[in-house]
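> Protein sequence lines correspond, in order, to chains A and B.
Everything in the first sequence is counted per my numbering, starting at 1 for the first residue and increasing by one.
Everything in the second sequence is counted per my numbering, starting at 1001 for the first residue and increasing by one.
Read the hints as simulated data drawn from the structure, not as lab findings.
Check before you lean on any hint, since a few could be wrong.
Computed beta-carbon distance windows for the label pairs [what the hints assert, rightly or not]:
(1) B:R1224 x A:S30: 19 to 27 Å
(2) A:D174 x B:Y1042: 53 to 61 Å
(3) A:K213 x B:S1034: 16 to 24 Å
(4) A:E138 x B:A1063: 52 to 60 Å
(5) B:S1034 x A:R118: 26 to 34 Å
(6) B:T1248 x A:K33: 42 to 50 Å
(7) A:R118 x B:E1229: 56 to 64 Å
Beta carbons are placed, not taken as given, at the ideal position from N, Cα and C, and that holds for glycine.
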Amino acid sequence: MLILGIESSTPQVGCAIGGHEGVLASAHSSRGKRHAENLTPQIEFVCEQARVELQEISVVAVDIGPGLYTGLRVGITSAISIAFGLNVPMIGVTSLDLVAYPVRHCHKLIVAAIDARRDEIFHANYRQVPGGIQRISEPLVTSPEDLSAELLASNDEVQLVGDGAIRYADYFKDLKRVDLAEPGLAFPSASSLVQLAHAKALREDFIKPSELKPLYLRKPDALEIDKQKRRVDR
Amino acid sequence: MTRGLVLAIETSCDETAAAVVAEGKHVLSSVVSSQVDIHARYGGVVPEVASRAHVDLITPVIAQTLIEAGIEHHDLDLVAATRGPGLIGSLLVGVSAAKSLALVWDKPFIGVNHLEGHLYSSFLEEPDLELPMIILLVSGGHTMLVSMDEHLTYRVLGQTLDDAAGEAYDKVARYLGLGYPGGPIIDKLATSGQAKISFPRPMIGEGYDFSFSGLKTAVINYVRKNPDELDENIAASFQEAVVDVLVTKTIRAAKDQNAVGVCIGGGVAANSRLREAILDACPKEGLKPFIPSRSYCTDNAAMIGAAAWRRFQHDGPSNLATGADPNLRIPE
Ligand SMILES: [Zn+2]
Chain A
1 MLILGIESST PQVGCAIGGH EGVLASAHSS RGKRHAENLT PQIEFVCEQA
51 RVELQEISVV AVDIGPGLYT GLRVGITSAI SIAFGLNVPM IGVTSLDLVA
101 YPVRHCHKLI VAAIDARRDE IFHANYRQVP GGIQRISEPL VTSPEDLSAE
151 LLASNDEVQL VGDGAIRYAD YFKDLKRVDL AEPGLAFPSA SSLVQLAHAK
201 ALREDFIKPS ELKPLYLRKP DALEIDKQKR RVDR
Chain B
1001 MTRGLVLAIE TSCDETAAAV VAEGKHVLSS VVSSQVDIHA RYGGVVPEVA
1051 SRAHVDLITP VIAQTLIEAG IEHHDLDLVA ATRGPGLIGS LLVGVSAAKS
1101 LALVWDKPFI GVNHLEGHLY SSFLEEPDLE LPMIILLVSG GHTMLVSMDE
1151 HLTYRVLGQT LDDAAGEAYD KVARYLGLGY PGGPIIDKLA TSGQAKISFP
1201 RPMIGEGYDF SFSGLKTAVI NYVRKNPDEL DENIAASFQE AVVDVLVTKT
1251 IRAAKDQNAV GVCIGGGVAA NSRLREAILD ACPKEGLKPF IPSRSYCTDN
1301 AAMIGAAAWR RFQHDGPSNL ATGADPNLRI PE
């Protein structure tokens, strides 16, 4: 089984190829706003590095968000198209699961936090369970103040991870019992995606390309609708 | 076996479209999934809403166009997508889908200029149109007069200085409380009205540029002062003013540039009064008019397939590092 994983929910875009033998090759870039330009050549590159033909891929895994909408859609559209083009099943994993995964060996309450822009954060909580971690809350969007108040109110030792934690570090850095993970773990990684997807693939936890839906967590933007109306009314 | 099969994808605004076109002229299938009902709620296209709908619709639309064309992906020679101009979030969906499919199917990819697509829509039905010709490109986003001197060689003679013609239709329709999109609504209403109000014809005698903002203001002021005037008459009079300006300038450009004929394209080219007026005016001036079917005037992927094949013959494929360009211009 060969899995192609694509993630694009933050300023970073990346992809990886792997399977039973682990991750065979991966690529990431984070110049921002160049997801569409970078992703297709990256996919070509990781195939070459892994010495596999793209046509050998048997599963396409994708980061379904939450995250920055435009970049997210580039990754999801590419993943859906590849799965459709190869006629293979898909696995969707949330960006927050991907951010939490690298700190899975920590015994604290893990809080994954991704920058949602406009002074908001996407976040979810995780606990250690035998063999890994488990998400114990639904992904939500909230203000950094609210998240910081929630962490303050809980009695847990907290490991906070993700670019949302770093962007709004001022709200969290003075909280007792809250540890900020290093910036190197700020973005979801395509390698984590392939590893998580491999476990799901063994359980045949697949969906069809037509069933895969991005996790936006916000309605199409009231702000943008107002802006659009003003433009038309000018 | 048919050669030169292009799968073309168009997602620059609020239509998710895909088509299979042979050699840039024979349309095997053309599927357009319109989001107009979704956007009607907001009285206009909301970019984020459009982008979300494109993601949901893109693969079903592509699957359907392949089925309708009766081909398999092995049969394709090229995968194309509109790369601009348009809404960035929407464009990226089509470009990402096309590049991914080109990669997994091992086919060349080409990024297409949406405006060049409109310029080539006429060739889908009339592959042997004679050049040079003048093309009036009118839509919700664009109003321009283009001289196509040879294939892939254009000169933009003039464009709008403010509102696009389609935008003026939308704004007037909204002011009259008629709904969205304004073009088809006003067109229909105008058929039962009289064009008896003489609205201004902005810049009708000057150059090739257009301005519709003042006309829109004149209509709104008139309605304020004459609240009892029938919507039908306002619609007919407004439409007559728009069409008069468009046709007068198009014919003048065609004569000045010694063009053989005149074509129209873009959503407003589906307007029945404009089509009639062009067909009427051209023969009087010794010009050959060509009016594409309505489905090739409004946004569609068949026209992208036509332009893609021409471009591909000339320039070869695009790089897979191609992105979208929301401000792409007509290549001159
Ligand atoms: Zn158009």
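> Starting from the range 53 to 61 Å, see whether the pair A:D174 and B:Y1042 falls in it by beta-carbon distance.
violated, 43 Å
> That 19 to 27 Å hint for B:R1224 and A:S30 (C-beta), does it hold up?
violated, 54 Å
> Honestly, do A:E138 and B:A1063 meet the 52 to 60 Å range at C-beta?
This hint is violated: roughly 32 Å between Cβ atoms.
> Holds or violated: the 26 to 34 Å window for the beta-carbon distance between B:S1034 and A:R118?
holds, 30 Å
> Is it true that the C-beta distance of A:R118 to B:E1229 lies inside 56 to 64 Å, as the hint says?
violated, 45 Å
> Return holds or violated for the Cβ distance of B:T1248 and A:K33 against the range 42 to 50 Å.
holds, 43 Å
> Is the distance from the Cβ of A:K213 to the Cβ of B:S1034 consistent with 16 to 24 Å?
Given a distance of about 21 Å, which is inside 16 to 24 Å, the answer is holds.
Hints 1, 2, 4 and 7 from the earlier list are contradicted by this structure; the remaining hints agree with it.
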